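With these hints in hand, go ahead and build the complete structure from the sequences.
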Amino acid sequence: MDIAPLVAEVLNRQNVKVTFFAANERSKVGDGSLGDHWAPWWKARAQEGHEFASHTFDHVYWRADLPGSVPQFRVKPTAGAAQGQEFTMDAAQYCAQLKQANQRLAEITGKQPLPLFRAPGGKTSPRLLAAAKACGFAHVGWADAGFLGDELPSDKFSNAALLKKALRDIRKGDILMAHLGIWSRQDPWAPSVLEPLIMGLKAKGFCFATLREHPAF
Numbered sequence: 001m002d003i004a005p006l007v008a009e010v011l012n013r014q015n016v017k018v019t020f021f022a023a024n025e026r027s028k029v030g031d032g033s034l035g036d037h038w039a040p041w042w043k044a045r046a047q048e049g050h051e052f053a054s055h056t057f058d059h060v061y062w063r064a065d066l067p068g069s070v071p072q073f074r075v076k077p078t079a080g081a082a083q084g085q086e087f088t089m090d091a092a093q094y095c096a097q098l099k100q101a102n103q104r105l106a107e108i109t110g111k112q113p114l115p116l117f118r119a120p121g122g123k124t125s126p127r128l129l130a131a132a133k134a135c136g137f138a139h140v141g142w143a144d145a146g147f148l149g150d151e152l153p154s155d156k157f158s159n160a161a162l163l164k165k166a167l168r169d170i171r172k173g174d175i176l177m178a179h180l181g182i183w184s185r186q187d188p189w190a191p192s193v194l195e196p197l198i199m200g201l202k203a204k205g206f207c208f209a210t211l212r213e214h215p216a217f
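Position one of the sequence shown corresponds to residue 1 (my numbering), numbered consecutively onward.
FYI, nobody ran anything at the bench for these hints, they're computed from the structure.
Bear in mind the structure is a predicted one, so any value in this text is a computation, not a measurement.
We put the CB at the ideal spot given by N, CA and C, even for glycine.
What follows is a set of in silico ranges between Cβ atoms, one per label pair, in the way DEER data are often shown:
1) Arg168 - Pro191: 17 to 23 Å
2) Ala44 - Gly122: 25 to 31 Å
3) Leu6 - Gln93: 32 to 38 Å
Derived lysine to any residue pairs resembling SDA-like cross-links, with alpha carbons at most 20 Å apart:
4) Lys43 - Gln100
5) Lys164 - Ala143
6) Lys172 - Ala143
7) Lys164 - Phe206
8) Lys28 - Pro188
9) Lys17 - Arg171
10) Lys123 - Leu66
11) Lys204 - Leu162
12) Lys156 - Leu167
13) Lys76 - Gly122
Written out as structure tokens, the structure reads:
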């Protein structure tokens with residue numbers, strides 16, 4: 001959540017509405033990104049007209065499918081009580097993770113999240129997607145050009161290069177993906193790139209909308 005206030009400021013100034021996929025991740029300030037400290041921030045975004053969806057409550061990475069007729073998955077959360085541990089989840093347990101994030105978002109925003117999720121790291125399998133679909137969640141990835149690179153090492157992928165690539169490659173209907181702060185990137189992406197990217201895309205004739213309005217969803 002390090003740059004969350006800046007992101008909100010830019011989106012407001014540019015009149016851009018987005019879809020936030022949220023998990024209860026560690027934050028430098030407060031009790032986690034979906035904790036009480038950040039709850040007013042999320043509520044304010046709901047009042048501004050943004051949408052919300054699940055990123056799994058404990059930011060659970062899918063690692064592998066297990067063999068057998070009953071769907072089971074090797075997973076590794078990066079938040080919560082089992083942070084950093086690799087273990088097995090069945091379909092019901094994974095669905096509970098999807099629902100818990102949406103339930104918390106609804107509680108703190110007063111707005112019902114979309115029946116969508118984004119798997120941490122974008123890592124899924126057909127079996128995982130089927131399990132999620134069975135409990136009411138469709139998965140949302142991003143376009144190749146929409147991977148904006150804010151989690152890449154800045155010594156190899158400069159902000160200027162990432163901005164240039166995005167402005168060159170993004171096409172109509174593309175879903176773009178960025179984070180509310182990345183621990184590992186030394187030269188933060190958003191302060192340098194987010195607003196110039198929005199302004200540059202507007203200059204090319206693009207507009208922005210939430211996934212509620214995307215024809216694929």
